[in-house]
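Below are the chains, spelled out letter by letter.
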Amino acid sequence: MTDTWIILGASSTIAKAFTRSVAEQGANVVLAGRRMDDLQATAADAQARGAASTHPVMFDARDPATFQTIIDVATAQGGTINCAVFVGSMPAQDAIDADPAILDGVIADSLTGPARFLQMLAPVLQENGKGSIVGVGSVAGDRGRVGNYVYGAAKAGFATYLSGLRNALGRHGVHVLTVKPGPVDTAMTEGLGPQPFMTTADAVVADIHKALGKKRNTLYTKWIWWPVMTVIKLIPEPIFKKMSI
Amino acid sequence: MTKKSYTGWGRALRANGDLTRPDSTKNMTANAPAIGNRRSYGDAALNDAQNAIDMTRIDRIISFDRDAGLLTVQTGITLGELARVLAPQGWLPSVLPGTGFATVGGAIAMDVHGKNHHHKGSFCEHVTDITLIQGNETRKITPKNAGLWKATCGGLGQTGIITEATLQLTPAKGDLMLVTEQRAVDWDHHIALLDSSDAPYTVGWIDATATGTLLGRGIVEEGETCRGLRPTLRGAKKIPFDAPHWALSAPIVKAFNAAYYRRVPKSGRTVVRPIQDFFFPLDKIHDWNRLYGKRGFHQFQCVVPLDQSGALRAMMETIAGSGLASPLAVLKRMGPGRAGYMSFPMEGYTLAVDFPNRPQARDLIARLEKATVAAGGRLYLAKDALSSGAAVKAMYPDHPKWAAVAAKADPDGLLQTDMTRRLSLRTPT
Ligand SMILES: Cc1cc2nc3c(=O)[nH]c(=O)nc-3n(C[C@H](O)[C@H](O)[C@H](O)COP(=O)(O)OP(=O)(O)OC[C@H]3O[C@@H](n4cnc5c(N)ncnc54)[C@H](O)[C@@H]3O)c2cc1C
Ligand SMILES: NC(=O)c1ccc[n+]([C@@H]2O[C@H](COP(=O)([O-])OP(=O)(O)OC[C@H]3O[C@@H](n4cnc5c(N)ncnc54)[C@H](OP(=O)(O)O)[C@@H]3O)[C@@H](O)[C@H]2O)c1
Numbered sequence: 001m002t003d004t005w006i007i008l009g010a011s012s013t014i015a016k017a018f019t020r021s022v023a024e025q026g027a028n029v030v031l032a033g034r035r036m037d038d039l040q041a042t043a044a045d046a047q048a049r050g051a052a053s054t055h056p057v058m059f060d061a062r063d064p065a066t067f068q069t070i071i072d073v074a075t076a077q078g079g080t081i082n083c084a085v086f087v088g089s090m091p092a093q094d095a096i097d098a099d100p101a102i103l104d105g106v107i108a109d110s111l112t113g114p115a116r117f118l119q120m121l122a123p124v125l126q127e128n129g130k131g132s133i134v135g136v137g138s139v140a141g142d143r144g145r146v147g148n149y150v151y152g153a154a155k156a157g158f159a160t161y162l163s164g165l166r167n168a169l170g171r172h173g174v175h176v177l178t179v180k181p182g183p184v185d186t187a188m189t190e191g192l193g194p195q196p197f198m199t200t201a202d203a204v205v206a207d208i209h210k211a212l213g214k215k216r217n218t219l220y221t222k223w224i225w226w227p228v229m230t231v232i233k234l235i236p237e238p239i240f241k242k243m244s245i
Numbered sequence: 001m002t003k004k005s006y007t008g009w010g011r012a013l014r015a016n017g018d019l020t021r022p023d024s025t026k027n028m029t030a031n032a033p034a035i036g037n038r039r040s041y042g043d044a045a046l047n048d049a050q051n052a053i054d055m056t057r058i059d060r061i062i063s064f065d066r067d068a069g070l071l072t073v074q075t076g077i078t079l080g081e082l083a084r085v086l087a088p089q090g091w092l093p094s095v096l097p098g099t100g101f102a103t104v105g106g107a108i109a110m111d112v113h114g115k116n117h118h119h120k121g122s123f124c125e126h127v128t129d130i131t132l133i134q135g136n137e138t139r140k141i142t143p144k145n146a147g148l149w150k151a152t153c154g155g156l157g158q159t160g161i162i163t164e165a166t167l168q169l170t171p172a173k174g175d176l177m178l179v180t181e182q183r184a185v186d187w188d189h190h191i192a193l194l195d196s197s198d199a200p201y202t203v204g205w206i207d208a209t210a211t212g213t214l215l216g217r218g219i220v221e222e223g224e225t226c227r228g229l230r231p232t233l234r235g236a237k238k239i240p241f242d243a244p245h246w247a248l249s250a251p252i253v254k255a256f257n258a259a260y261y262r263r264v265p266k267s268g269r270t271v272v273r274p275i276q277d278f279f280f281p282l283d284k285i286h287d288w289n290r291l292y293g294k295r296g297f298h299q300f301q302c303v304v305p306l307d308q309s310g311a312l313r314a315m316m317e318t319i320a321g322s323g324l325a326s327p328l329a330v331l332k333r334m335g336p337g338r339a340g341y342m343s344f345p346m347e348g349y350t351l352a353v354d355f356p357n358r359p360q361a362r363d364l365i366a367r368l369e370k371a372t373v374a375a376g377g378r379l380y381l382a383k384d385a386l387s388s389g390a391a392v393k394a395m396y397p398d399h400p401k402w403a404a405v406a407a408k409a410d411p412d413g414l415l416q417t418d419m420t421r422r423l424s425l426r427t428p429t
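The listed protein sequences correspond, in order, to chains R and E.
Residue numbers for the first sequence, in our numbering: 1 to 245.
Residue numbers for the second sequence, in our numbering: 1 to 429.
Don't take each hint at face value.
[Stated by the list, open to error] If you only want the chain E side, here are some residues facing chain R, beta carbon under 7 Å, derived: (1) Asp23; (2) Arg60; (3) Ile61; (4) Ile62; (5) Ser63; (6) Phe64; (7) Val85.
If you are wondering where the hints come from, they were derived from the structure by calculation, not from laboratory data.
Even for Gly, the Cβ is constructed at its ideal location relative to N, Cα and C.
Turn these sequences into a full structure, and let the hints steer you where they fit.
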């Protein structure tokens, strides 16, 4: 049966690579994002690569009024409905320090927006009794670091949300995969200079498909971030609070 | 924008400068040269101490007419990606060079050739329109824009940033190749096999270490697309570090080549391969250029007219006698097809050989260059790192026409690269 993929935050670099991969498998793709011209271009690219159909739809994580249409468009395609969440934003921590009002938006983009969307979508997948949800968090959510703890808090919240959603939907045949990328060479990291264990969007996507195939619950990509974060999580708080990593 | 130290594929020449890597052409102006995946060996894609625009993130398919085989793309997309996506749908780019990492922009700016040059001509002969950014203006050109078209195809990116192009594709029977391999026992046999080949795709691997009666021996590969059960693709390998200098020393290369030659039985053989393995055999080993160690390497590639195969044989004799060649050496018969003033192809034979970057090799390449000129041939700028402006201008008789169009298209010389400066290509004489 044809897959239908809702891509939330479809203009993200990683989302584009993911869209290509499912288009080449002949899926219907629902491209949800806030830059329609970019979504149109991604749609044409996906169509040429073999997508069964493409549907650019307006999505603003900060405006829940945009959510229902996306779900309606997806259900109209039929097939197995799946959703991959790439939306997120990472303003510099010092920008947030200077203007605390920015914080609300960061939480909306990475946590409350996508979580509310998935909350609305969950009954549909539960009813279907199948389908997958891919939620992209970040290694930054594993521990609050001095450099980006607001972003980290949003991603931590999202990871916890996904863990609960997995618990709720797993028993109905719906799989939920939490993805925790380390630094990825994308628009988000452009200009930050070389990052440790940097990977590419295509490699992340290949890892996601492998993890989906094996029905893994949590994916660290690159894999090295699993041992690295395991160690970082073990550092006692009295020591960690003096570190700047 | 990030300060970066980067090289051409041969890693012998290096630039330090700013590389911007935009993901769209919005707000782009032609104030710096565009570069692709830097699969050119020398300095064509380098701009030392200045800025360059890396196009590889601007890589979408814009439209695909499946009936007519017309494909419009952003030029940062690679030909390997296009082959992978299109072959299962019954189409292929009409011309594919020996690496799938070449971008469409780089393929246009070098007017690249493939294993089917004798039938299909060069890359740009299958391009129906090109979108250029010149200064702040965006314009679409077709072969009807005669001068500008000919200066853009194979034009080293000097007429503007190439942002989009429409390609006329070639039908493919499937994503597999039916490949026939035959031993060529010596030079004359090799040339005879290439001359008589009528296959859609033909190329000769030449053992550049064989001397005496074995001179010019090699394997002639002929291929055509086919469909069937897909042999499994093996994962890519990586060369994780710069190899020590002896990795490609003469005895090792000689032994490797002999084994490579004997791999094909005396009576020849026919095998089925994934198209990637046929067109891009080296791409499976990522960063194989590191095999040559820190100093890098050079590729010498020339083409000589049909009646000069004797001169090419003499060059081969010099190369084989030097003991400097690497396993990578290719002999091919070219047809007359070329699309631009500065396009490399001419009807004749082309020879490409890799050498480690050492003084003896540079001397040898200088001698080979002289022999090329004497034979009325030319060097390929996608490979060159060592030639001189005077020599190159003499090999490319239409150079003044190209320089005049480039001067008009880029009056302030903002699109110049290390190559155009080294060879003073932007000055007419
Ligand atoms: C293993 C290997 C095998 C090869 N085999 C062949 C072969 O069989 N036949 C053949 O013809 N060549 C061959 N080549 C050479 C290669 O195809 C060319 O060098 C090609 O130009 C590389 O494309 P690129 O995208 O890496 O371009 P780059 O090397 O990055 O750039 C090449 C030139 O194109 C210009 N350019 C790139 N993109 C743009 C753009 N968007 N707008 C304007 N100018 C641009 C650059 O300024 C530069 O002058 C081979 C190279 C390798 C490494
Ligand atoms: N790159 C990394 O190193 C890295 C590491 C770990 C995790 N991640 C996570 O991976 C995901 C994808 O990121 P990326 O690297 O591909 O970066 P990206 O290209 O910057 O993607 C972020 C996307 O989120 C969208 N977005 C932000 N706020 C939005 C809103 N209010 N409504 C709708 N869309 C909104 C952006 O849309 P616009 O295009 O309209 O701005 C953009 O497409 C993100 O969740 C990110 O946190 C990335």
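Each hint tested on the structure:
{"no.": "1", "hint": "Asp23", "verdict": "holds, 6 Å"}
{"no.": "2", "hint": "Arg60", "verdict": "holds, 4 Å"}
{"no.": "3", "hint": "Ile61", "verdict": "holds, 4 Å"}
{"no.": "4", "hint": "Ile62", "verdict": "holds, 6 Å"}
{"no.": "5", "hint": "Ser63", "verdict": "holds, 6 Å"}
{"no.": "6", "hint": "Phe64", "verdict": "holds, 4 Å"}
{"no.": "7", "hint": "Val85", "verdict": "holds, 5 Å"}
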